[in-house]
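Chains Z and D are the protein sequences, given in the same order.
Residues in the first sequence are numbered consecutively from 0, following numbering that gives the first Met the number 0.
Residues in the second sequence are numbered consecutively from 0, following numbering that gives the first Met the number 0.
Because the hints were derived from the structure by calculation, they are not lab data.
Keep in mind that this is a model prediction, so the values were computed, not measured.
Same chains, same names: a pair is fine if it fits in one copy or spans any two.
Think about it this way: if two alpha-carbon atoms lie no more than 20 Å apart in a straight line, the pair counts; the simulated SDA-like pairs of lysine to any residue are: (1) Lys394 - Phe419; (2) Lys273 - Asn428; (3) Lys1 - Leu108; (4) Lys424 - Val362; (5) Lys424 - Ala276; (6) Lys326 - Gly393.
Protein chains: 2
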Amino acid sequence: MKVVIIGGTAAGPKTAARLRRLMQNAEITIVEQGDMISFGACGMPFYLGRLIPQFDSLYSTSYGVARDSQFFQSRKDVRVMTGCRAVTINRDQKRVQIVNQINQEYSELEYDYLVLTTGAEAVIPPIKGIDLPGVFKLHKPQDVQRIQEYLNAGGVKSVAIIGAGVIGMEVADALAARRMKVTVCEAGQQVLPKLVDADMARLIERQMKQRKIELYLNCRAEAFNAGSDGKVTSISTGSGELDAEAVVVAAGVRPRVELARAAGLTIADSGAIKVDAYLQTSDPCIFAAGDCASQVNQISGREVYIPLASTANKQGRVVANNIAGLKTEFSAVTGTTVLQSFDLNIGRTGLGEQEAIMQGYEVISAIVAGHDAPHYYPLHATVTIKLIADRNSGKLLGTQVCGAGEAIKRLDVLGTAMKFGACLKDIANLDMGYAPPFAEAMDIAIHAANTLENKRAGLAHGLSPLAVEQMKKEIPLCFLDIREADEIQAKPLQEQNVLVIPAAELRRRYNEIPEDMPVIVFCGLGIRSYDATCFLHSVGLDNAAYLEGGLSGW
Amino acid sequence: MKVVIIGGTAAGPKTAARLRRLMQNAEITIVEQGDMISFGACGMPFYLGRLIPQFDSLYSTSYGVARDSQFFQSRKDVRVMTGCRAVTINRDQKRVQIVNQINQEYSELEYDYLVLTTGAEAVIPPIKGIDLPGVFKLHKPQDVQRIQEYLNAGGVKSVAIIGAGVIGMEVADALAARRMKVTVCEAGQQVLPKLVDADMARLIERQMKQRKIELYLNCRAEAFNAGSDGKVTSISTGSGELDAEAVVVAAGVRPRVELARAAGLTIADSGAIKVDAYLQTSDPCIFAAGDCASQVNQISGREVYIPLASTANKQGRVVANNIAGLKTEFSAVTGTTVLQSFDLNIGRTGLGEQEAIMQGYEVISAIVAGHDAPHYYPLHATVTIKLIADRNSGKLLGTQVCGAGEAIKRLDVLGTAMKFGACLKDIANLDMGYAPPFAEAMDIAIHAANTLENKRAGLAHGLSPLAVEQMKKEIPLCFLDIREADEIQAKPLQEQNVLVIPAAELRRRYNEIPEDMPVIVFCGLGIRSYDATCFLHSVGLDNAAYLEGGLSGW
Numbered sequence: 000m001k002v003v004i005i006g007g008t009a010a011g012p013k014t015a016a017r018l019r020r021l022m023q024n025a026e027i028t029i030v031e032q033g034d035m036i037s038f039g040a041c042g043m044p045f046y047l048g049r050l051i052p053q054f055d056s057l058y059s060t061s062y063g064v065a066r067d068s069q070f071f072q073s074r075k076d077v078r079v080m081t082g083c084r085a086v087t088i089n090r091d092q093k094r095v096q097i098v099n100q101i102n103q104e105y106s107e108l109e110y111d112y113l114v115l116t117t118g119a120e121a122v123i124p125p126i127k128g129i130d131l132p133g134v135f136k137l138h139k140p141q142d143v144q145r146i147q148e149y150l151n152a153g154g155v156k157s158v159a160i161i162g163a164g165v166i167g168m169e170v171a172d173a174l175a176a177r178r179m180k181v182t183v184c185e186a187g188q189q190v191l192p193k194l195v196d197a198d199m200a201r202l203i204e205r206q207m208k209q210r211k212i213e214l215y216l217n218c219r220a221e222a223f224n225a226g227s228d229g230k231v232t233s234i235s236t237g238s239g240e241l242d243a244e245a246v247v248v249a250a251g252v253r254p255r256v257e258l259a260r261a262a263g264l265t266i267a268d269s270g271a272i273k274v275d276a277y278l279q280t281s282d283p284c285i286f287a288a289g290d291c292a293s294q295v296n297q298i299s300g301r302e303v304y305i306p307l308a309s310t311a312n313k314q315g316r317v318v319a320n321n322i323a324g325l326k327t328e329f330s331a332v333t334g335t336t337v338l339q340s341f342d343l344n345i346g347r348t349g350l351g352e353q354e355a356i357m358q359g360y361e362v363i364s365a366i367v368a369g370h371d372a373p374h375y376y377p378l379h380a381t382v383t384i385k386l387i388a389d390r391n392s393g394k395l396l397g398t399q400v401c402g403a404g405e406a407i408k409r410l411d412v413l414g415t416a417m418k419f420g421a422c423l424k425d426i427a428n429l430d431m432g433y434a435p436p437f438a439e440a441m442d443i444a445i446h447a448a449n450t451l452e453n454k455r456a457g458l459a460h461g462l463s464p465l466a467v468e469q470m471k472k473e474i475p476l477c478f479l480d481i482r483e484a485d486e487i488q489a490k491p492l493q494e495q496n497v498l499v500i501p502a503a504e505l506r507r508r509y510n511e512i513p514e515d516m517p518v519i520v521f522c523g524l525g526i527r528s529y530d531a532t533c534f535l536h537s538v539g540l541d542n543a544a545y546l547e548g549g550l551s552g553w
Numbered sequence: 000m001k002v003v004i005i006g007g008t009a010a011g012p013k014t015a016a017r018l019r020r021l022m023q024n025a026e027i028t029i030v031e032q033g034d035m036i037s038f039g040a041c042g043m044p045f046y047l048g049r050l051i052p053q054f055d056s057l058y059s060t061s062y063g064v065a066r067d068s069q070f071f072q073s074r075k076d077v078r079v080m081t082g083c084r085a086v087t088i089n090r091d092q093k094r095v096q097i098v099n100q101i102n103q104e105y106s107e108l109e110y111d112y113l114v115l116t117t118g119a120e121a122v123i124p125p126i127k128g129i130d131l132p133g134v135f136k137l138h139k140p141q142d143v144q145r146i147q148e149y150l151n152a153g154g155v156k157s158v159a160i161i162g163a164g165v166i167g168m169e170v171a172d173a174l175a176a177r178r179m180k181v182t183v184c185e186a187g188q189q190v191l192p193k194l195v196d197a198d199m200a201r202l203i204e205r206q207m208k209q210r211k212i213e214l215y216l217n218c219r220a221e222a223f224n225a226g227s228d229g230k231v232t233s234i235s236t237g238s239g240e241l242d243a244e245a246v247v248v249a250a251g252v253r254p255r256v257e258l259a260r261a262a263g264l265t266i267a268d269s270g271a272i273k274v275d276a277y278l279q280t281s282d283p284c285i286f287a288a289g290d291c292a293s294q295v296n297q298i299s300g301r302e303v304y305i306p307l308a309s310t311a312n313k314q315g316r317v318v319a320n321n322i323a324g325l326k327t328e329f330s331a332v333t334g335t336t337v338l339q340s341f342d343l344n345i346g347r348t349g350l351g352e353q354e355a356i357m358q359g360y361e362v363i364s365a366i367v368a369g370h371d372a373p374h375y376y377p378l379h380a381t382v383t384i385k386l387i388a389d390r391n392s393g394k395l396l397g398t399q400v401c402g403a404g405e406a407i408k409r410l411d412v413l414g415t416a417m418k419f420g421a422c423l424k425d426i427a428n429l430d431m432g433y434a435p436p437f438a439e440a441m442d443i444a445i446h447a448a449n450t451l452e453n454k455r456a457g458l459a460h461g462l463s464p465l466a467v468e469q470m471k472k473e474i475p476l477c478f479l480d481i482r483e484a485d486e487i488q489a490k491p492l493q494e495q496n497v498l499v500i501p502a503a504e505l506r507r508r509y510n511e512i513p514e515d516m517p518v519i520v521f522c523g524l525g526i527r528s529y530d531a532t533c534f535l536h537s538v539g540l541d542n543a544a545y546l547e548g549g550l551s552g553w
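My request is simple: use the sequences and hints to build the entire structure.
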């Protein structure tokens, strides 16, 4: 059997490796346009940040051998043609035309099965000066090498990132760690607009401010301007002219589908190649996987495009299984996406709040802050979790996390529960491992689910920071601070109309609270204030609500 | 409504706090035998190890206020009676007789609902000299204070731990971190006998050896011997006399059920108080929760006793809900138990391999080693996962983890999947968050499930280290080392009959491999050797199997 794989980054090599294990006699060929295969592209920002010192390690195995053509040939009996581009697919004759980009020689490869793992390409916005020296994209191995060289050679002290998506945020963090002055321009009204909701984005924006990152939201780059040496020196934007001795454009990616489209394969509404549950395209002899293939969102049932290396690897395996006759489905995705930026662990799975509303759900959500380990354990840190659920069924629809603490573990646990269709009350029963180095006895993930379930049942009266901010603009509010004196002294509440009644005195002093306006109860994490609000409602103060996440999210 | 709660450590205070939020007018009383409530008992080993410097922090809130009687009274309107022991329950009259242990005064408390959270007590084995100065148990707050005082005062340089269960291992680690000479005596044939299987225990025992811990297995303490000052100086054991200037006996716990038994409540086969799904005892007005209550194992359906603070907290919430009329079930448990010891993160959920076999399952298992993050990311570390599944259905029955890497996240994800009845192929589809700080593109948890599914399908031919050790005793084996030359030089394989063929040469040199004996293929983690074994089978070497976990587990 002849199998040709077009694209050698993640899904392609994975397909080849798995297929070789399943079919020792198949003829397997990988055609790769670039000169490297099986490259750890997700490591590029960390290489820029010098956390990964050796570029080579991004394409080596853990035992130090380069994953090059020779590697695949000798160990996997897989032929790799680097520097070769697939030009056309002749589906009738099952042949792919290839051009060698060095000598421009054309050739043809026969296939029984063709696997398209053509990946994605960086979106290059049509900005004046985009080709200036010092303006870079970050997508291919060569890109990161060029940026590194430019930064190392030139005494570059200020850099601007265009786009506050995942890659933009990782690069901003990496370069700030090198003590460069970092400016981030984002056309949307928040950082990570495709990843987290506005309320969670605020936590990240606050952290960037503390780290002296210049963040411009609602800001479009209009032109890159050169100095006398022809290199970029500034950016013209709607927010004025910004200095930048180097620019990284991180404006997102789109699937590479030209080859598939020209061959008449169906393209999904998401813009990527349409595949069925077996990852077969509209031609059953052609599979597609990785960043060029469309997925189905498990929660919405819609076609989506969420390019992820994790998905690519899982899909490569599924494609190999199906070629080898082990009929295997690739399931719908929840699209779990994570990053570390400015010491925050950030992630999302499932639907965002607006997305869920647009899907027709009656949505209920809560923001919960807590610790990843007991406060008495020295290494504990804060995690904030936003849960989004269906008000009617209690079914979990989406989770977002952010914090210096071990947030991604909670995201993975909640995402796993969601994969199995969990309702909030199912999460209350999860057996998560507890010992002081790892969690609180009631893990923050379980606490978050309990909180939202309480809210759904009308037992918890919480408001998100954004909701309180909105109310504040419209009507007078009483801010009831129930923290301890030393906490207030360390971080006083900067609001008008603050009433201080320590939690220990609330049960005898509640009659000091005004009844004629909404009362927002404040504490550190939103736990004491939830408790207090239950009491306040029992004495008729139905106007009271607690600030979700407490001061940690305000 | 009058609610009396007997026991104030974890489940009791949780019941009280939740119940107060649900029923502001209930009369809630906690009766606690000791003088502290809501004590973070799980932090005790870390206090001994000086990782937690302040004893006070174990009973304080995160905002620095002691969780004492005054705290519960003023903030939760919960009455706490410390130093009081419940003597008898009069179920007909719904009264509990209480004795104040200081003045020996008796009194009675009426209840509408009684909640038994009487906890567990340390098992004290009947060893001669158990009461000697310097011989301690570690169960109550006073215990840890006494040990700390003894160690600090006396220039104690060597300490022995009796029992290599979770607490014993945590204490051994804590005291070794203080640079004491630590001896561990375990009556069973492995460390953590109730937690992990023998093959996983080996990994921990190896680490203890590297840390110069004197570990005696199959070793019973027969007597504690005193020196001239009357303090313990040595232990007589079947393995000889062992020096010890202090001893911590960590021989396990048993549920405190005397009060319940005397009141005629049903005791489960597990030895703990029998409760239904609503945590009601055989008397519907009496609930039991936490370390005194029996649970049902989700996988086996059997009554079990797995005392955990995480369970206690969840149960306290369920009891409060049921008292308040919010009918809530506490589900069957998978018993997830975790600890950190000697820099290894160790845990288990579900059934062990022998336990699963005894339940009548046709069991298949695999041991998989890998990294928690990409090898090029500087903070990656190893995680070893053992999965136990039903051979017929592929249903996951149990998971064990061990490693310096982030093993507990994987345990929690796999445990969550198991809670929802996952089969191995469901785990292949999990959307776990991937970015270099957090995971490999194919997370080790997913890789483990894929490996066992391969084994189940006859595609992977792996043997556990224990199986290979056993075979080695019975028949001659060929050990085929396919690692790189530098790897072999750094850590050569110390076996007879080693054949070295690097992976890159295997496809042309396989005819050097003997056909007349089993071939065990070795590599670093068991990944390359799995790949190689697929090839060897394809050329007729059906005698070949790879060592699961590779050298990392040998």
